[in-house]
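Asker: Sequence:
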Amino acid sequence: MSYLLAVAVGPLDWIEDEVDGIRLRIVAARGRAQEGRFAMEATRQLLPYYSNYFGQPYPLPKLDQLAVPGVRFGGMEDWGLISYIENLLLLAPARDTAERRYLNYLFMAHEIAHQWFGNLVSPASWDDIWLNEAFAEWIQSKALDHFHPEWGTPLRRRIALEPTLASDATAATRPIRGALVMEDRVADLFDGITYDKGAAVVGMLEQWIGEEPFRRGLASYMKDRAFKPATAGDLWHHLALASGKPVARVAQFWTERRGYPAIGVSQVCEAGSTRVHLTRKRFALVDGLTDEPWPVPVVVAHGDRVQPVLMEGPEHTMTWPGCDERPVVVNAGGAGYYRVFPDAPLAHRLLEAYPSLAPVDQLAILADSFAAVQGGTRPLREHFGLLRAVKRSQAEGRDTLFTVAVAQWEWMAVALRGTQAEPAMKAAERRFLGPELTRLGWAPRAGESAAAALLRANVVKRLAVLEDPAALAGVRSRCAAARANDATQVAPSIRIAVLVGCASTLDDAAFSQLFEAFRSAPSQGERMALLRGLAGEADEARARRLLVAAAAGQFPGTMAAALPAMMAESTRLGPVAYQLTVEFWEPLARAAGESLAGKQSLLPRAAIALSSSADAEQVIADQIRLMGEAGRLPAEREAAAVLVRARLKAREEVGLAAALQGWPDE
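The opening residue of the sequence shown carries number 3 in our numbering; numbering runs sequentially from there.
In case anyone wonders, no lab produced these hints; they're calculated from the structure.
Among the hints, erroneous ones may be present.
Claimed, not checked - Computed list of lysine-lysine pairs in DSS-like fashion (alpha-carbon distance at most 27 Å, straight line):
1) Lys651 to Lys283
2) Lys428 to Lys393
3) Lys144 to Lys230
4) Lys64 to Lys225
5) Lys247 to Lys225
6) Lys393 to Lys225
7) Lys144 to Lys225
8) Lys247 to Lys144
9) Lys64 to Lys230
10) Lys247 to Lys283
11) Lys428 to Lys651
12) Lys247 to Lys230
13) Lys64 to Lys144
Produce the entire structure from the sequences given, and follow the hints as far as they go.
Answerer: Shown next as structure tokens:
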């Protein structure tokens, strides 16, 4: 298989249709083609949408999309024959949930976008591979929001950016482009910097340039570079012609420098006018990072006033007539790739106004506040006030905000594991989440949003890990139905959460029975669901048995590669999952292979439950010992995350338990 040419051979079936004269086929293993109906409908929407948006029709007479059973990650955009791991293209009735539809549509939107960004116009070198991935990542969100606004894609896109914002605020990062690309390190390019930061910077440039000028510039670029190699400079040229703005100067800085800034904000009333003062400084979660003079496209909103500005110096002041108590919102719309830190008076006003803000602005404020906690510039106690505001909110987007809050609690639980504050943290989290499960119930309600279904699953899983009595009782009463995939008793949207919760009930006999069900499962999706139930195991001996099976080649490589992270995510084994991964690394690495999510990710992903400075050093040492320099970057990224957790533990352990007494009831 080459990048632009692919051949697929096997016992295959397909369904067929057409759109705009283009023959479409969804191809699957014999007997499963009918599960591609959702994919076919999505393709019939996406191809004309992209042809229209880019101003260039899809140039081939056919588009085939192939479901590959269990041997690869994600998808591959070979021209005219896109291949996917089967559970990202096929949708069996038993797995037909809003979340599954969202994920399948998302991956298809990404891979089909590559027929333009990547195939019609190809990067001139590895240095510009980000053009393929960042623009596919960016346009997929536009497509999803266009056809399915009910999925809340803008909020989900902002949530997905958070891990990259975290790693990009450490020394273990790189620029989007411009660094020397070594042939044996190409895999390092297929990371959150290329995909998520790249897409975020593209979105920020679009907001600054304007949606229509940006689209005209893209169409001009596509027309000029069709069937030719292209560089970032070609794109900046066409965007500048369409907008009349200094695109190259701004875009080059953002794509060729590491990290990003934080914008400090103050708002005062002086002589009958509102004065907003902005400051710019590199945001860092670790010490020793050098500041950079980013030109920052900032959007400031105050009531009905929305004022964009290109902030080119370390400070900028804006003034307009009149004063009122409404707080300014910087990074209005959430498209900026930067953090925003209001001073204390403005933070208080934003907290009071929080329920009335747009959901995307609420999300940005919540995420930036937590980043300040992680960076040590805001006490955790202050962030709890914002979490209380999320809990009390009745606004649109509240379920998505609450899902973010659940993730923040989970991060704090890992950071504070083993401290004096841990029991109080667990009790406070149970009080925070318990009423939410009561509100949502265990079964989907007619007309509920995809965000509500996702939140229910996250709350069930988290409360089970916290050993909340009511949640555990509900989980245990559903274990048999979840293992049997009985959708009449356990909704598909919470099945994995229930399976993870049920892991604490396994004995040797039940473990063996579930393992046999996993081995004989008829599909990739079913096997992955059952594996999550096995990987949530709390018993070290049975966890070891699972790793022995993976090391012996009884799992597909994709599952062997995912297993250490699944075990660490369960939090029951915690640091033991990392030690087991080190012990079994060589056979796991052989099973995982050289793919992008393969052996170089095994140890870093198993380290997500670690939280000491010694652990951080150990992750790097183990990775380099086992993989050499080729494994350094992913190890350094996770080690930086471990160190951030360790620092929060050192700052927050004393006095936190007392501060959480009764929270959030008071």
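Asker: Measure nothing beyond the straight line between the CA atoms of lysine 247 and lysine 283; if it is 27 Å or shorter, mark the hint as holding.
Answerer: Holds, because 24 Å separates the two Cα atoms, which is no more than 27 Å.
Asker: Would the hint linking lysine 64 and lysine 230 be met if the CA-CA limit is 27 Å?
Answerer: holds (21 Å)
Asker: Would you check the hint for lysine 428 and lysine 393, treating anything up to 27 Å between C-alpha atoms as holding?
Answerer: Holds: lysine 428 and lysine 393 sit about 17 Å apart, inside 27 Å.
Asker: Keeping to a limit of 27 Å between CA atoms, is the pair of lysine 651 and lysine 283 held or broken?
Answerer: At roughly 25 Å apart (the allowed maximum being 27 Å), lysine 283 and lysine 651 satisfy the hint.
Asker: Does lysine 651 lie within 27 Å of lysine 428 when you go C-alpha to C-alpha?
Answerer: Roughly 15 Å between the alpha carbons, so the hint for lysine 428 and lysine 651 holds.
Asker: Is lysine 393 within 27 Å of lysine 225, Cα to Cα?
Answerer: violated (49 Å)
Asker: Below or equal to 27 Å on CA atoms is what counts here, so check lysine 64 against lysine 225.
Answerer: holds (21 Å)
Asker: Check whether the Cα positions of lysine 247 and lysine 144 lie no farther apart than 27 Å.
Answerer: Holds, at about 23 Å.
Asker: Please work out if lysine 144 and lysine 230 have their alpha carbons no farther apart than 27 Å.
Answerer: holds (25 Å)
Asker: Do the alpha carbons of lysine 64 and lysine 144 lie within 27 Å of each other, as the hint requires?
Answerer: holds (24 Å)
Asker: Please work out if lysine 247 and lysine 230 have their alpha carbons no farther apart than 27 Å.
Answerer: Given that 27 Å is the threshold and the Cα spacing comes to 26 Å, the pair holds.
Asker: CA of lysine 144 to CA of lysine 225, is that 27 Å or under?
Answerer: holds (21 Å)
Hint 6 from the list above is the single one not met by this structure.
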